[in-house]
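Which chain is which? The protein sequence lines are A and B, in order.
The numbering of the first sequence is my numbering, which starts it at 1 and goes up by one.
The numbering of the second sequence is my numbering, which starts it at 366 and goes up by one.
Hints were generated in silico from the structure; no laboratory data involved.
The reader is advised that the hints may include incorrect statements.
Said to hold, decoys possible - In the EDC-like style, the derived pairs of lysine to aspartate or glutamate whose C-alpha atoms are separated by at most 16 Å in a straight line are:
(1) K538(B) to D657(B)
(2) K2(A) to D628(B)
(3) K626(B) to D52(A)
Claimed, not checked - Taking beta-carbon pairs under 10 Å as the criterion, some of the chain A residues facing chain B (in silico):
(4) E6
(5) T25
(6) R43
(7) I46
(8) Q48
(9) L49
(10) P51
(11) T53
(12) P172
(13) Y356
Stated by the list, open to error - Covered stretches of chain B (chain A as the covering partner; in silico rule of three or more C-beta atoms under 8 Å from a C-beta of chain A):
(14) 627-635
(15) 684-696
Ideal Cβ positions, reconstructed from N, Cα and C, are used throughout, including at glycine.
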Amino acid sequence: MKYIDEYRNPQLARNLLDKIRQTTTRHWTIMEICGGQTHSILRNGIDQLLPDTIELVHGPGCPVCVTPLESIERALIIASRKDVIFTSFGDMLRVPGSSKDLFMIRSEGGDVRIVFSPLDALQIARDNPLKEVVFFAVGFETTAPANAMAVYQAAREGIRNFSVIVSQVMVPPAMRAILSSPDNLVQGFLAAGHVCAIMGYAEYEPVALDFHVPIVPTGFEPVDLLAGILKTVELLEEGRAEVVNRYGRVVSREGNLVAQETISKVFEVTDRQWRGIGLIPGSGLGLRDEFSQYDAEKKFNVTHICTAESPLCMSGSVLQGMLKPDGCPAFARECTPEHPLGATMVSSEGACAAYYNYHRNVYPL
Amino acid sequence: MTIAPVCPSPILQHETVQMAHGAGGRLSQTLMQRVFMPHLHNTFLDLLDDQAKLDMPAGRTAFTTDTYVVSPVFFPGGNIGELAVNGTVNDLAVGGAKPMYLSAGFVLEEGFSLVELETIVKSMAEAARHAGVMIVTGDTKVVGKGQCDKIFINTSGVGTVREGTTLSCRNLKPGDSIILSGTVGDHGMAIMTSREGLSFQSTIASDCAALNSMIAAVLDVVPAVHAMRDPTRGGVAATLNELAGSSSVGIEIDETAIPVKPDVRGACELLGIDPLNVANEGKLVLAVASDDAGKVVEVLRSFEPGRDAIIIGSVVDDHPGMVVMRTAFGSRRIIDLPLGEQLPRIC
């Protein structure tokens with residue numbers, strides 16, 4: 001298959017692995033930001049093929065994992081209402097709130113639907129003028145343009161029965177938070193390719209300078225990931241704290257300007273809670289005042305939200321690269337995909353889910 | 366204005382299913398005579414008794430049941446009717462039985478198109494003829510609008526078990542070869558890509574097919590096949606896990622050997638779904654002694670549903686109960702049981 005097979009070519013992968021081995025002289029800890037990269041690494045066993053001196057730790061780039069529990073509780077309450085059609089990316093349905101998930105709401109009679117795009121949710125609103133249609137707008141910069149576009153179009157067409165629960169987050173402030181932590185282990189980053197496709201990589205240059213770390217925008221296929229790792233190792237070995245793009249077929253320095261413009265028309269930068277991590281200043285996007293009538297939080301005014309995280313769940317440490325999933329005492333014991341304690345165990349981008357699915361019961365591989 | 370008096374005579378010609386079609390009265394009879402009997406009639410059904418009286422050959426009888434609720438009911442490559450016949454035929458055949466007689470129970474939603482119902486019944490009759498089985502008893506119920514999704518079909522089936530067959534999911538032995546009869550994920554992706562809300566065009570067709578003659582041919586050549594399953598819901602991943610678990614052995618498969626059609630692979634890539642977890646309706650997974658593997662593959666390939674048959678791996682002593690895949694890069698990963706509904710990823 002074009003644009004896929006060449007990036008899964010075993011010979012190209014072996015060549016890159018050889019170069020990584022030749023280039024590495026000491027131990028390096030590299031974080032891949034995006035959960036999609038984590039899953040590709042585990043799925044293809046790239047961690048098994050790297051020299052022992054290269055340690056990959058897994059980053060916070062899993063949108064449903066970092067969506068605050070309070071937003072999920074609010075979603076569950078709104079989705080239970082008889083007058084609401086609740087729409088969401090499929091990944092969100094299994095994420096546990098304090099006591100339920102959206103699947104359970106659906107089984108109790110809630111109208112919860114999976115959509116592939118927020119614009120599909122808007123179409124449902126057009127088709128069901130007597131219902132309130134709510135979309136769960138979660139994600140990083142990747143989902144922000146389409147989410148913004150749905151709100152923008154709703155406003156332009158005067159559609160009033162559509163609203164969004166916004167839990168929109170951004171990568172650079174999270175990287176700064178990780179690097180500022182006294183417990184930080186990360187020496188270099190594979191930046192998330194799809195986020196950079198939207199935002200470009202110029203905004204990572206100050207992060208690289210301020211914290212003296214190399215940052216390499218990287219794709220998701222095995223050959224992409226190995227090329228990103230090789231470049232990061234080269235920069236680390238040479239002591240260069242630079243941003244070097246290794247996802248050239250998708251990412252440019254300035255990014256997608258039309259998408260960025262759409263985001264800033266509808267959203268503004270806000271502080272944002274990250275599940276398991278806490279408040280990161282300036283790390284989120286919220287609806288601008290002129291779009292506040294599309295804010296489901298305001299429209300439904302849900303108060304008295306009680307949240308209770310499992311005391312056993314260590315997903316916050318996992319999301320910051322301080323703990324590997326199988327280092328958590330609850331991993332594959334109290335916490336499984338059937339009975340998840342945290343979102344990282346159920347999301348298709350969650351690191352705990354990747355370890356559980358591909359590497360559980362590790363035996364000599 | 367005058368209103369002309371209209372005589373409320375009963376309407377017997379409907380275009381859609383009415384509650385009365387399931388009430389046992391005149392409309393029920395009309396449905397039988399106009400929709401079901403013209404296609405399904407045979408010496409058993411023609412008697413219109415409440416039961417079929419069967420003469421079963423000596424030996425063991427296999428008995429199975431399955432219920433079909435697929436949505437949409439018409440999909441590229443088939444419809445719910447032929448799926449209901451082929452599925453039950455295959456469930457009998459993978460146990461080494463010769464499928465003989467089927468029952469068919471219908472739950473119809475009020476308002477369902479009678480033309481579509483007839484198309485479904487007709488393709489059930491064709492599928493039964495093709496598989497060499499008879500539908501010998503049946504039942505129809507109608508439920509109110511919204512109480513089921515157009516049409517649900519239950520089929521049960523009986524067949525005679527071949528003598529000397531030892532097929533069992535507990536029969537896998539280290540050293541066995543694992544054979545897959547063709548490409549994975551065709552049925553599930555045909556359904557998924559034809560559902561509303563997924564507006565991409567594809568030419569993916571379901572692999573829905575009766576496999577009993579192919580299975581009989583395999584067992585004629587190699588009677589000692591250790592295990593055989595049709596990897597339907599949960600896909601090949603679920604089937605391999607069941608086999609490994611039941612036999613307390615490990616299974617190793619080779620990523621590069623798994624046949625996947627390019628358009629199925631493309632749709633799976635787009636949706637973030639592993640083809641190994643996607644349902645099939647015309648495929649087999651077999652475990653056979655490695656000495657027999659070549660012969661089995663050869664027989665499978667002589668049938669249309671088995672033309673892409675290939676050895677995908679082997680049974681091992683290590684990691685009992687677990688399925689491990691060797692990737693194209695030489696690393697290894699677990700192939701797990703899928704948890705439940707396949708959920709498309711966010712980005």
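These are the hints, each one checked on the structure:
1. Between K538(B) and D657(B) the CA atoms are separated by roughly 13 Å; this keeps the pair inside 16 Å, and the hint holds.
2. Under the criterion of a C-alpha separation no larger than 16 Å, the hint pairing K2(A) with D628(B) is consistent with the structure, at around 12 Å.
3. Distance check on the hinted pair: K626(B) and D52(A) sit about 37 Å apart at the alpha-carbon level, beyond 16 Å; violated.
4. About 13 Å separates the beta-carbon of E6(A) from the nearest beta-carbon of chain B, more than 10 Å, and the hint is not met.
5. Against a cut-off of 10 Å between C-beta atoms, the interface hint on T25(A) is violated, since the closest Cβ of chain B lies about 24 Å away.
6. Taken as an interface hint, R43(A) checks out: its beta carbon lies about 6 Å from the nearest beta carbon of chain B, inside 10 Å.
7. With its C-beta approaching chain B no nearer than about 7 Å, I46(A) sits inside the 10 Å limit, and its interface hint holds.
8. For Q48(A), the interface hint holds, since its Cβ comes within 10 Å of a Cβ in chain B; the closest pair sits about 4 Å apart.
9. Satisfaction of the interface hint for L49(A) is found here, the shortest Cβ-Cβ separation to chain B being roughly 6 Å, below the 10 Å cut-off.
10. Interface restraint check for P51(A): the shortest CB-CB distance to chain B comes to about 14 Å, outside 10 Å, so the restraint is violated.
11. At a threshold of 10 Å, the smallest CB-CB gap from T53(A) to chain B is about 18 Å, leaving the interface hint violated.
12. Against a cut-off of 10 Å between C-beta atoms, the interface hint on P172(A) is violated, since the closest Cβ of chain B lies about 17 Å away.
13. The closest approach between the C-beta of Y356(A) and any C-beta of chain B is roughly 8 Å, which is under the 10 Å cut-off, so the hint is satisfied.
14. Counting residues of the region 627-635 of chain B whose CB falls under 8 Å from any CB of chain A gives 4; the rule of at least 3 is met.
15. Against chain A, the region 684-696 of chain B contributes 7 residues with a C-beta closer than 8 Å to a partner C-beta. That satisfies the three-residue criterion, and the hint holds.
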